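Peer 1: The primary structure of each chain is shown beneath.
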Amino acid sequence: DGGITQSPKYLFRKEGQNVTLSCEQNLNHDAMYWYRQDPGQGLRLIYYSQIVNDFQKGDIAEGYSVSREKKESFPLTVTSAQKNPTAFYLCASSSPGTTEAFFGQGTRLTVV
Amino acid sequence: QKEVEQNSGPLSVPEGAIASLNCTYSDRGSQSFFWYRQYSGKSPELIMFIYSNGDKEDGRFTAQLNKASQYVSLLIRDSQPSDSATYLCAPAGNMLTFGGGTRLMVKP
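Chain order of the listed sequences is A and B. No gaps in the numbering here: position 29 of the first sequence is 29 in my numbering, and each next residue is one more. No gaps in the numbering here: position 108 of the second sequence is 108 in my numbering, and each next residue is one more.
No lab work stands behind these hints, which were simulated from the structure alone. All figures in this text were calculated on a predicted structure; none of them were measured in a lab. Just to be clear, a hint being listed does not mean it is correct.
[Claimed, not checked] Using 27 angstroms as the maximum straight-line C-alpha spacing, the simulated DSSO-like pairs for lysine-lysine come out as follows:
1) B:K42 x A:K83
2) B:K42 x B:K56
3) A:K14 x A:K83
4) B:K56 x A:K14
5) A:K9 x A:K57
6) A:K71 x B:K42
7) A:K83 x A:K9
8) A:K70 x A:K57
9) A:K57 x A:K83
10) A:K14 x A:K71
11) B:K107 x A:K9
12) A:K57 x B:K42
13) A:K14 x A:K57
14) A:K71 x A:K9
15) B:K42 x B:K107
[What the hints assert, rightly or not] Partner residues are not named here, just some residues of chain B that face chain A (Cβ under 7 angstroms, in silico):
16) V13
17) T62
18) A68
19) G100
[To be verified] From chain A, some residues computed to sit far from chain B (all C-beta separations above 10 angstroms):
20) L11
21) Q17
22) A92
Heads up, the beta-carbon is just placed ideally off N, CA and C, and yes, glycines get one too.
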């Protein structure tokens, strides 16, 4: 079945540590996105990528980094520079022409 | 001004009524839009894509796009308690940015 998969579902991080969230899709979508969602809030765009080896900052890129070495994969690293990383992280991908866009099931990151 | 604006709600409707959710946007170049439903603690699920002026119907859902007035709306007929969720709109484009969402509550 085609879809978009995020892992892990839950992640705990100690303060000062970097952590990488995985996002993989087998929908043959060109574009991929990362969002952050805080409780009771909307989706804020962190980074997005339209093609392999290229990505752009969204509204809240500080403290995050990404790579896009393969079409299927768009991992997000939450660095120690991100001062308040506890949140729900969502990855999405969209088709050429953006006629469909689907989300993964999300990763809930907690700093302990 | 945010690119996409939605009333955060909550919008409360009785079971069986029509729920009307609205979204305004600032970029006149936006040509098509997505509507998503998000249950608490879950990821958004795509419910509608609309790209032309007028109405698009899918079951109990009707999306309406008015490019001249720069708004897109979602009507839910015969609302059910299971429709209680947050509804998000987004212009389909390079950045895929979202409005803040409208929380809908359908009361039995």
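Peer 1: Quickly compare the C-alpha distance for K42 of chain B and K56 of chain B to 27 angstroms and report which way the hint goes.
Peer 2: holds, 26 angstroms
Peer 1: Next pair to validate is K42 of chain B with K83 of chain A; report whether the Cα-Cα distance is within 27 angstroms.
Peer 2: holds, 24 angstroms
Peer 1: The hint names V13 of chain B as touching chain A; please verify it with the least Cβ-Cβ distance against 7 angstroms.
Peer 2: violated, 20 angstroms
Peer 1: Let me know if the C-beta of G100 of chain B comes in closer than 7 angstroms to any C-beta of chain A, holds or violated.
Peer 2: Given a least distance of 4 angstroms, the restraint on G100 of chain B holds.
Peer 1: Beyond 10 angstroms from chain B, beta-carbon-wise, is Q17 of chain A?
Peer 2: holds, 25 angstroms
Peer 1: Measure nothing beyond the straight line between the CA atoms of K56 of chain B and K14 of chain A; if it is 27 angstroms or shorter, mark the hint as holding.
Peer 2: violated, 48 angstroms
Peer 1: Restraint: T62 of chain B near chain A, CB-CB cut 7 angstroms. Satisfied or not?
Peer 2: violated, 19 angstroms
Peer 1: Is the hinted pair K70 of chain A and K57 of chain A satisfied, with a Cα-Cα distance of at most 27 angstroms?
Peer 2: The given pair, whose Cα atoms are some 18 angstroms apart, holds under the 27 angstroms limit.
Peer 1: Does the structure keep K57 of chain A and K42 of chain B at a Cα separation of 27 angstroms or less?
Peer 2: Distance of about 25 angstroms is within 27 angstroms: holds.
Peer 1: Under 7 angstroms, Cβ to Cβ, is where A68 of chain B needs to be relative to chain A, so tell me if that hint holds or is violated.
Peer 2: violated, 22 angstroms
Peer 1: Straight-line Cα separation of K107 of chain B and K9 of chain A no greater than 27 angstroms?
Peer 2: Between K107 of chain B and K9 of chain A the Cα gap is close to 31 angstroms, so the pair fails against 27 angstroms, i.e. violated.
Peer 1: Taking only the CA atoms, is the gap from K57 of chain A to K83 of chain A under or equal to 27 angstroms?
Peer 2: Holds, at about 18 angstroms.
Violated hints, in rising order: 4, 10, 11, 16, 17, 18 and 22; the structure is consistent with all others.
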